[in-house]
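Below are the chains, spelled out letter by letter.
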Amino acid sequence: MSVVLDPAGDDAMVGPLTGPLSSIEIPTGRPGDPAGIDVGTRTPHPVARPLALRDLRPAPERDVPEHVYDPARQVATDRQGRPLVPDLKKDWTTIEGTHTDGDGGDNEMWEWEEVK
Amino acid sequence: MTVLVLAREFDPTADAVVTALAERGVPVFRTDLAAFPTQLWLDARLRGGRWTGRLWNAHHAVALEEIRSIWNRGPRTYRFPDTLTAAEREFCYREAKLGVGGVLAALDVLWANHPNRCADAIFKPYQWKIATDCGLAVADTGITNDADSARRFVGELPHETITKALGPSGMTEYGQVQVAYTRRLTSEDLASLEGVSATATTLQRFVPKAFEVRLTVIGQDMFGVAIHADTEDARTDWRSDPAGLRYERVPLPEAVADAVSVYMKRTGLVYAGFDFVVTPDDRWVMLEANTGPQMGWLQAATGAPITDAMATLLAKGAT
Numbered sequence: 001m002s003v004v005l006d007p008a009g010d011d012a013m014v015g016p017l018t019g020p021l022s023s024i025e026i027p028t029g030r031p032g033d034p035a036g037i038d039v040g041t042r043t044p045h046p047v048a049r050p051l052a053l054r055d056l057r058p059a060p061e062r063d064v065p066e067h068v069y070d071p072a073r074q075v076a077t078d079r080q081g082r083p084l085v086p087d088l089k090k091d092w093t094t095i096e097g098t099h100t101d102g103d104g105g106d107n108e109m110w111e112w113e114e115v116k
Numbered sequence: 001m002t003v004l005v006l007a008r009e010f011d012p013t014a015d016a017v018v019t020a021l022a023e024r025g026v027p028v029f030r031t032d033l034a035a036f037p038t039q040l041w042l043d044a045r046l047r048g049g050r051w052t053g054r055l056w057n058a059h060h061a062v063a064l065e066e067i068r069s070i071w072n073r074g075p076r077t078y079r080f081p082d083t084l085t086a087a088e089r090e091f092c093y094r095e096a097k098l099g100v101g102g103v104l105a106a107l108d109v110l111w112a113n114h115p116n117r118c119a120d121a122i123f124k125p126y127q128w129k130i131a132t133d134c135g136l137a138v139a140d141t142g143i144t145n146d147a148d149s150a151r152r153f154v155g156e157l158p159h160e161t162i163t164k165a166l167g168p169s170g171m172t173e174y175g176q177v178q179v180a181y182t183r184r185l186t187s188e189d190l191a192s193l194e195g196v197s198a199t200a201t202t203l204q205r206f207v208p209k210a211f212e213v214r215l216t217v218i219g220q221d222m223f224g225v226a227i228h229a230d231t232e233d234a235r236t237d238w239r240s241d242p243a244g245l246r247y248e249r250v251p252l253p254e255a256v257a258d259a260v261s262v263y264m265k266r267t268g269l270v271y272a273g274f275d276f277v278v279t280p281d282d283r284w285v286m287l288e289a290n291t292g293p294q295m296g297w298l299q300a301a302t303g304a305p306i307t308d309a310m311a312t313l314l315a316k317g318a319t
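If you're matching them up, the sequences are chains A and B in order.
Going by my numbering, the first sequence opens with residue 1, and the numbers climb by one from there.
Going by my numbering, the second sequence opens with residue 1, and the numbers climb by one from there.
Do not take every clue at face value.
Stated by the list, open to error - Some chain B residues close to chain A (C-beta under 10 Å, calculated; not the full set):
#, residue
1, Y78
2, H114
3, S240
4, P242
As the list claims (entries may be wrong) - What follows is a list of derived Cβ distance ranges for each label pair:
#, chain 1, residue 1, chain 2, residue 2, range
5, B, E156, A, D78, 56 to 62 Å
6, A, G81, B, T132, 48 to 54 Å
7, A, P58, B, D282, 34 to 40 Å
As the list claims (entries may be wrong) - Chain B residues, not near chain A, derived (Cβ > 12 Å throughout):
#, residue
8, R8
9, R50
10, V138
11, V179
12, L185
13, D230
14, R249
15, T279
16, W284
It is worth saying that the hints were derived from the structure and are not from the lab.
Even for Gly, the Cβ is constructed at its ideal location relative to N, Cα and C.
Isolated chain A (complex conformation) (with noise of 0.2 Å):
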C-alpha cells in the first residue's frame, strides 16, 4: 500500500482538527464541504492564492509494509504473525482515508509518522 506523507503531521489529526475526544470542534473541510476535498473544479485564481500556498508541492509518498493487526497483541504484524516494529527500519509514513465527520463520507486527510 502506498501512502502519502504529510512532513507537517504532528498535529495533523485524522478528522476535526481538534480530534474526537476534544469538546471544542474545529472542522478541517470549509462551511458546507465536510469532506475539505478540492477536485479542481474551480477555476484556478493564482495571484489571489493564500500566500502560504504559492509553493505547493506533492506531498511524498512511501510504501507502508504488508501488515495485518493482531487485535490479541494489540499490535500490527506480518502475515506470519511477527510483530513489525523490530524488523522496520527508520522510515516515514502513513496516510489514511478516513471518515472524520459523521457523514459517511471519506476525508482524504493525511498524516505522517516515522516508524522505527
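Place chain B on chain A using the hints.
Chain B in isolation, oriented as in the chain A frame:
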C-alpha cells in the same frame, strides 16, 4: 490498572509503546475510535459520583475504574454504517463524541494529552504568547489579512521573512495531495501580496540557524535532538527533505529546560514535541510545540529512550 491507548491500528510508535508496556506486565487496552460503535462497546454507569462500567471489543475489555492513564495517540474518529442517512450519521457522531468523549473526560486519570489541552494548544499564536510568558524566545511574528500591513512587516527584505501555515498544510487539489512547507518569501511575493487578503496570513522573521532541535518532553524527561539539514529548502523547513537530515542528541540549556517545564505546566500538557531553531550564536528560538508529536524516528536515529519514557509515564499514571 490498565493503560488505555487510543490509536490507529497501523501505528508503529504505538506498537513500540504497547510492547514496552506488555514487557513490564502493564495491562493495555488499545483501540481506534473508528471501531465505535460497531466493534467497540461501552457500558458506563454513574455510581456514587464516579463513572464505572467497561469498554470492550471482541478480544479485550477494560473496567473504566481500572484505567490509570489514557494515551490520546491520534485515533481516527467514530465510524457509522452507510445504511444511516447523512443526518443520522451526523447525529450519531455528535452523540458518540459527547458520550464516549464525555465519559473518558470524566475519568480521573492521566491523559497524554488531554484532548481539550491539545485543542487549546492547537493555536500557535496562543503557544507563542505562553512561550514568551514562560521565558522562551520566539520569532517576531505577524498575522494579517491586510496586504499593506504585510508589506510593512516584510519591509525591503522578503528573503528574511517566512510564511507558514498555522495548521496542517496539506490539501488535496486537482486530484493531487500536496503540501505547503514553511518557505522564505521572494521578491515576486513582495510584488504581489494579494494572496495575503485571502485569509489570516502568518509572517515570521527568518531566524538564522545553525541547526534545529526537536525537543521531546515526556513527563519530566526531555530528549533534545539536533536536526542538521544540508539543502536550502531543508534549512528553511526540515520536513521538506527528511531523507537528507542528520540527527544527534544535544544537551539542553538549563534556562530552556526550565522555561519548557513552566510551559508544560501552564498548558496542562504531559508530553509534547517542541521545535527550536538554534542560532549561530547559540540562542534557542521556539517555533512551536506539538501536542501529538511523532517520536519513533528520533529514537531510531539517536537511541534516545523515548519509547521507554512514554511507557513509564503511562504506567505510572496519575499520582
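Status of R8/B, Cβ more than 12 Å from any chain A Cβ: Answer for R8/B: violated, closest chain A Cβ roughly 6 Å.
Minimum Cβ distance from R50/B to chain A greater than 12 Å, as the annotation requires: At about 20 Å from chain A, R50/B clears the 12 Å cut-off, so the statement holds.
Outcome of range test on Cβ distance (P58/A, D282/B; 34 to 40 Å): 37 Å Cβ-Cβ, so the 34 to 40 Å window holds.
Pairwise beta carbon distance, E156/B to D78/A, judged against the given window 56 to 62 Å: Given a distance of about 58 Å, which is inside 56 to 62 Å, the answer is holds.
Assertion that V179/B lies outside the chain A interface [Cβ separation over 12 Å]: Incorrect as stated: the minimum Cβ-Cβ distance to chain A is 5 Å, not above 12 Å.
Outside-interface status for D230/B - nearest CB in chain A farther than 12 Å: Per Cβ check, D230/B is outside 12 Å of chain A; nearest 16 Å; holds.
Hint validity - H114/B Cβ closer than 10 Å to any chain A Cβ: It holds, given that the least Cβ distance between H114/B and chain A is near 9 Å, below 10 Å.
Verdict on R249/B as a residue remote from chain A, using beta-carbon distances over 12 Å: holds, 16 Å
Non-interface claim for W284/B versus chain A (Cβ beyond 12 Å): holds, 19 Å
Interface hint status, Y78/B versus chain A (Cβ within 10 Å): Since the shortest Cβ distance to chain A is 6 Å, the answer is holds.
Interface hint status, S240/B versus chain A (Cβ within 10 Å): Hint holds; S240/B Cβ to chain A Cβ min 7 Å, cut 10 Å.
Consistency of the no-contact label for V138/B, given chain A and a CB cut of 12 Å: holds, 17 Å
Comparing the model with each numbered hint stated earlier shows that hints 8, 11 and 12 do not hold.
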